[in-house]
Amino acid sequence: MKQLILERVRKIVSIVLFLVGILALVVTLSTMKVGSFTKPQEGFTPVLFSILLIGFSILNIVIEFITPNSIPGELKDVNWKKFFLYFAICIVYVFLVKKIGFATDTFICLALMLKLAGLKGWVKTIVISLIVSVLIWALFTLAMGVPLPAGILI
Amino acid sequence: MFDSLLLLLNGFVDCLSLMNIFCAIVGSLLGSLIGVLPGLGISGTVAILLPLTYGMSPLSALIMISGIYFGSQYGGAITSILVNIPGEATSIVTCFDGHPMAREGKAGKALCISSIASFVGGFIGTLGLTFAAAALARVALSFGKVEFFAIVVFGLLLLTSISGKNQLKGLISVALGVLLGCVGLDSLYGKARFTFGIVNLYSGIDFVTFIMGAYGITELLKAICIPEEQGEVLEFSLRDQFPNKKDYKECWLPTLRASVLGFAVGLVPGAGSTLSTFFAYGMEKGLSKHPEKFGTGVPEGIAAPEAANNAAMYAGLVPLLSLGLPFTSSMALLMNAFIIHGITPGPLFISEHPDLFWGLIASMFLGNIILLIINLPFVGLWARLLKVDFNILMPLITFITFAGGYAINYSVFDMGMMVACGFVGFFLGQCGYNMAALAVGLFLSPTFEGSLLGTMTLYHGDIFAALWDRKLALVIIILGIAAFIFSSVKSSRKFFAERNAMKA
Chain A
0 MKQLILERVR KIVSIVLFLV GILALVVTLS TMKVGSFTKP QEGFTPVLFS ILLIGFSILN
60 IVIEFITPNS IPGELKDVNW KKFFLYFAIC IVYVFLVKKI GFATDTFICL ALMLKLAGLK
120 GWVKTIVISL IVSVLIWALF TLAMGVPLPA GILI
Chain B
0 MFDSLLLLLN GFVDCLSLMN IFCAIVGSLL GSLIGVLPGL GISGTVAILL PLTYGMSPLS
60 ALIMISGIYF GSQYGGAITS ILVNIPGEAT SIVTCFDGHP MAREGKAGKA LCISSIASFV
120 GGFIGTLGLT FAAAALARVA LSFGKVEFFA IVVFGLLLLT SISGKNQLKG LISVALGVLL
180 GCVGLDSLYG KARFTFGIVN LYSGIDFVTF IMGAYGITEL LKAICIPEEQ GEVLEFSLRD
240 QFPNKKDYKE CWLPTLRASV LGFAVGLVPG AGSTLSTFFA YGMEKGLSKH PEKFGTGVPE
300 GIAAPEAANN AAMYAGLVPL LSLGLPFTSS MALLMNAFII HGITPGPLFI SEHPDLFWGL
360 IASMFLGNII LLIINLPFVG LWARLLKVDF NILMPLITFI TFAGGYAINY SVFDMGMMVA
420 CGFVGFFLGQ CGYNMAALAV GLFLSPTFEG SLLGTMTLYH GDIFAALWDR KLALVIIILG
480 IAAFIFSSVK SSRKFFAERN AMKA
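Protein chains in written order, with numbering that gives the first Met the number 0: chain A, 0 to 153; chain B, 0 to 503.
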């Protein structure tokens, strides 16, 4: 199944891009004024480029479908478990940063990401996470004056 | 000429303050340090370190950003030579002779040749930039919306023709980039576009956020999720570091030639530094009395690409400073950094802010010298950095990137946008879409829209009449289309040949 999806990623992406073009065109036509060639309005450029995107995408889909299936780029080497966990940590991080504060959130998520990246030993992981999260917080807050989200902790 | 020299001297006076020298040193060190790490790339490096310059004076900030920018270029060569992994795409060619030379036990010498050639390339590039940018800016003062429209179209067409393997995917990337650039309040009419009621989208997709995601997060993700050998770092001693007379004799002419060639190639929108290294290497191999030795560790094989890529990087600043039009993602990022500090490059930049322009040029000369001085003694340190476990480094850089992403607009939404751009950028990049074209399309979208709509309003919707009226614009557009057609025909032939081969 995984192999099947990977071999078709190029086709899937080309269809997604086509759909993005369609969506952009529909949104433009329903929410913006396009104007005319002599008096273009705010929707003129979006319409022009969504039509271009749709046109190029159709051509691209045809080419992708006549090209034999193969896994593109480095996708065959990707560790997908790590890939989705990396994004999951990133999403959780962004979601929690305002709630529990930058330093705490960084400490927790960095520890998880270090383990994900293959760092051995929990003590080492926790010590590195603690030092780095405090250092980043200090660099941005104290040295650069950036008010990082504080949350309930720091 | 004499006026320029006086202004340059003034620039030196401005940039030779203790604070500015400190900024140049810190920028160069940080740039070299991150340039050494394979994968992150120049755009990612500048984007991540950009927040460090917030709160500085414009000139100090420009000096630091330039230091980071050119430092990362220097750093890229170190991994090429010592590990055979190019730190940047511009250092790929340096691997060809740099690593074999290091394997022969002459790593120090190879690094030294690379540093000196980079210095010469940078010096000649700065000289070229000084004269070319000022001259082009003078010409550009007479440009109207039609010429700017033509130059943007020309640049985007060339960018899709030269920098990517697939022109169609390049065009899709540009179209997507321009559409993404339309998100937010429209600059001409003040109407919201593609905001879907999300307040954070009213100011549009922040370019630095996009670069941090599509380049930074994507590369970090690859480093963590794609198992790769870290590579054996070759040992070297500082004693064997300096080239001898024979090396200098073999390298001086190739270095000069490659610098000039690199600068010329770098002036072509979209060609960038990477292409210049291949051209310079090919030229030197063609001119050499012993071409068969190329690839086995000849000093010219290191000097030529390193000189070319540095000169080409300075050439990329010519359209940026004189027209306000960047044609590579890293140049667009640099322009964004200028704008953050209240400076808008363009035809009027040099005449309205001569202090900043000449200060920047002077700082480039200064930065180049600093890079040469700090790179030689620090080479050992950079080499040791390559032995640090990337499993530790990459997660750390991920969270510094997050903090940097937040610092742009103090927005958590931007952090989320960064993750989204990283995810989308990863798949688009893997499927062969031209991320540079997407980034430049996004950045130039407002300029393109302004010049297109301005031209149409001015000429009552008749673009052809506009081009016929402004002959220079017509010539520029024709050149762009010709280059695009030529490149498309070439790549279609290649596509069908490859397809037939795969079927067979």
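A couple of the hints might just be wrong.
[Unchecked claim] Far from chain A by the CB rule (all over 12 Å, computed), these chain B residues:
{"hint": "1", "residue": "L135"}
{"hint": "2", "residue": "L167"}
{"hint": "3", "residue": "D354"}
{"hint": "4", "residue": "M416"}
{"hint": "5", "residue": "G460"}
[Said to hold, decoys possible] In the SDA-like style, the derived pairs of lysine to any residue whose C-alpha atoms are separated by at most 25 Å in a straight line are:
{"hint": "6", "chain 1": "A", "residue 1": "K119", "chain 2": "A", "residue 2": "K98"}
{"hint": "7", "chain 1": "B", "residue 1": "K190", "chain 2": "A", "residue 2": "I57"}
{"hint": "8", "chain 1": "B", "residue 1": "K493", "chain 2": "A", "residue 2": "I57"}
Calculated from the structure, these hints are not laboratory results.
We put the beta carbon where it would ideally sit given N, CA and C, even for glycine.
To see whether the hints hold, each was checked on the structure:
| no. | hint | in the structure |
| --- | --- | --- |
| 1 | L135 | holds, 27 Å |
| 2 | L167 | violated, 6 Å |
| 3 | D354 | holds, 26 Å |
| 4 | M416 | violated, 9 Å |
| 5 | G460 | violated, 3 Å |
| 6 | A:K119 to A:K98 | violated, 29 Å |
| 7 | B:K190 to A:I57 | violated, 30 Å |
| 8 | B:K493 to A:I57 | holds, 21 Å |
Figure legend: structure checked against the earlier numbered hints; hints not met, in rising order: 2, 4, 5, 6, 7.
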